[in-house]
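*Asks:* Letter by letter, the chains look like this.
2 protein chains.
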Amino acid sequence: MPQNKVQVPRISDAVAASLERRILEGSLKPGDRLPPERELAVELGVSRPSLREAIQKLASKGMVQSRQGGGTYVTDRLESTFFDPWQDMMGAHPNLREDLLEFRRMLEGQAAEWAAERATDADLTRLNQAFEAMNQAFDADDSERRASTDIDFHQAIGEATHNVLIGHLSAALLRLMQDNIRLNLGELKTIPAAISLLKSQHAAIHTAITERKPSAARAAAETHIDFVRESLAQSLRSAARRQTAERRLSANTTDFSASSIS
Amino acid sequence: MPQNKVQVPRISDAVAASLERRILEGSLKPGDRLPPERELAVELGVSRPSLREAIQKLASKGMVQSRQGGGTYVTDRLESTFFDPWQDMMGAHPNLREDLLEFRRMLEGQAAEWAAERATDADLTRLNQAFEAMNQAFDADDSERRASTDIDFHQAIGEATHNVLIGHLSAALLRLMQDNIRLNLGELKTIPAAISLLKSQHAAIHTAITERKPSAARAAAETHIDFVRESLAQSLRSAARRQTAERRLSANTTDFSASSIS
DNA sequence: ATGGGTAATTGGTCAAACCAATATTTACGG
DNA sequence: CCGTAAATATTGGTTTGACCAATTACCCAT
Chain A
1 MPQNKVQVPR ISDAVAASLE RRILEGSLKP GDRLPPEREL AVELGVSRPS
51 LREAIQKLAS KGMVQSRQGG GTYVTDRLES TFFDPWQDMM GAHPNLREDL
101 LEFRRMLEGQ AAEWAAERAT DADLTRLNQA FEAMNQAFDA DDSERRASTD
151 IDFHQAIGEA THNVLIGHLS AALLRLMQDN IRLNLGELKT IPAAISLLKS
201 QHAAIHTAIT ERKPSAARAA AETHIDFVRE SLAQSLRSAA RRQTAERRLS
251 ANTTDFSASS IS
Chain B
1 MPQNKVQVPR ISDAVAASLE RRILEGSLKP GDRLPPEREL AVELGVSRPS
51 LREAIQKLAS KGMVQSRQGG GTYVTDRLES TFFDPWQDMM GAHPNLREDL
101 LEFRRMLEGQ AAEWAAERAT DADLTRLNQA FEAMNQAFDA DDSERRASTD
151 IDFHQAIGEA THNVLIGHLS AALLRLMQDN IRLNLGELKT IPAAISLLKS
201 QHAAIHTAIT ERKPSAARAA AETHIDFVRE SLAQSLRSAA RRQTAERRLS
251 ANTTDFSASS IS
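As you go down the protein sequences, you meet chains A and B in turn.
No gaps in the numbering here: position 130 of the first sequence is 130 in this note's numbering, and each next residue is one more.
No gaps in the numbering here: position 128 of the second sequence is 128 in this note's numbering, and each next residue is one more.
One or more hints might be untrue.
[What the hints assert, rightly or not] The calculated DSSO-like cross-link candidates involving lysine-lysine, where the alpha carbons are at most 30 angstroms apart (straight line), are:
hint: 1; chain 1: A; residue 1: Lys199; chain 2: A; residue 2: Lys29
hint: 2; chain 1: A; residue 1: Lys61; chain 2: B; residue 2: Lys61
hint: 3; chain 1: A; residue 1: Lys213; chain 2: A; residue 2: Lys199
hint: 4; chain 1: B; residue 1: Lys29; chain 2: A; residue 2: Lys61
hint: 5; chain 1: A; residue 1: Lys29; chain 2: B; residue 2: Lys29
hint: 6; chain 1: A; residue 1: Lys29; chain 2: A; residue 2: Lys61
For the record, the hints were derived by calculation from the structure and aren't laboratory data.
Starting from the given sequences, assemble the full structure and let the hints guide the process.
*Replies:* This is how it looks when you write it as structure tokens:
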């Protein structure tokens, strides 16, 4: 009964691996919608049933989600498996934010350094696009777009390191931090001075990577995080003062600690 | 773009759940052969593609195995079905292992450096305990204890950094790597020379942290990871050679037919 | 009996079509 | 002019039927 023979390669496995690789490498980001099955089948040169079997495999792994009539989307389970518990924890223990920023300082610095060393021309093109989009979003007064393009920019850097852990972690941590900020501060104060400073910092990172100067890139990234850390601490202090004042006005204990997302 | 609506039940999910239940309940024991797809399809009242999608789901979970012309069998090692998406991803994409090691080199280096700077006396006490326990486990020939005490030691370092992200992440990544090694290589070659080298490397990290020499601690940690990376690559190469030799004996014409993917 | 060759079995893949839920566009009415 | 509802297009879900390829089972000649 035992079957020692070579396993015949299944086409659905090859397709699943191909899609999985695209997701891991970041060309299919979490939240992205896959092309329609009929198109994707043609593009990959396989029949629709085979494509569907591959998609079902990925769906059973929780990497994609399909809705009839809607489309098939890449889930963010990859990041959430690592950091879903963290979101709750961040709400309960705000001092975690400092740990996160310290960690990000190391991560983003290393990412910028490696990106400057290893980025291919394609990587630089993507980085340029993300950089331009982010600058436009920063000029406009759309905090939603600002946040998402910021993530895209840092993720583009992460992908240029050619290390999937860096790419996913840096994007996940940035997203985690942004969500946490939105949760706890509502809207971060966007004073024009900070905006322009952020823009110049991003530009410094961008040029250092483009000109392939690893140590300069690392320094620029670390400076950027240091600034974020400092200005965030400042905002928190003022927010705390405001809350204290409000508390003094009305003996009203508004305490919300359990904030479970996803 | 958000999908708040109720998910439509997919028939392939229902079929997969049905088969999974039969397997877990024991009416389909490990090693059993499923009925032919055509029969099973009519028995379950679904079409063959739907049945196949369900089977692919189970196959991707490692619960069944199919051979063209042979049949579909319930896999006999149910206990090895891990639910960690990163785990089977590492199996599918071995180059992830290199990414992981590169990432760990940065992480462990930074952890050792910060630990040397910040460890309190209590931290050092815990670190000493973990260090002693690990040494005992390495002297004994208990690979199980060796792995767990190794995790404990690195986690003690992580905790001494007073950054929860570092602590949890370094332990999680080490565990992930150990599981992956166990899964792919069975038992890692434990040549005595490697054992004593590992012991001395651990001792170097331990002393550097105890004596509060941050840069020495970082260097020792990085040396340690470099050694692990090199010896792991060596083991993988020899394993690959062994597999090649086996393949050569059975003179199988390896056939690559899936070409138009990606 | 045994060996080899043939036929039946069975998973793998593809094609075309239709259904159902969703998304998008259009048209209508306020 | 805007908002809402109907109509249309898009897209995943499912079925049928067919053919291919690997495996297994069978049968016959030696």
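*Asks:* Decide, hint by hint, whether the structure agrees.
*Replies:* Status of each hint after checking the structure:
1. Proximity of Lys199/A to Lys29/A is assessed by CA-CA distance (about 24 angstroms); at most 30 angstroms being required, the pair is judged to hold.
2. For the suggested pair Lys61/A and Lys61/B, the alpha carbons sit about 8 angstroms apart, so the restraint of at most 30 angstroms is met.
3. A C-alpha spacing of about 19 angstroms is found between Lys213/A and Lys199/A, which places the hinted pair at or below 30 angstroms, so the restraint holds.
4. Note on Lys29/B and Lys61/A: the hinted pairing holds, with a Cα-Cα distance of about 23 angstroms set against a maximum of 30 angstroms.
5. For the hint linking Lys29/A to Lys29/B, the alpha-carbon distance of about 40 angstroms lies beyond 30 angstroms, and the restraint is violated.
6. For the given pair, Lys29/A sits about 16 angstroms from Lys61/A by alpha-carbon distance, which is consistent with the 30 angstroms threshold.
Of the numbered hints stated above, the single one contradicted by the structure is hint 5.
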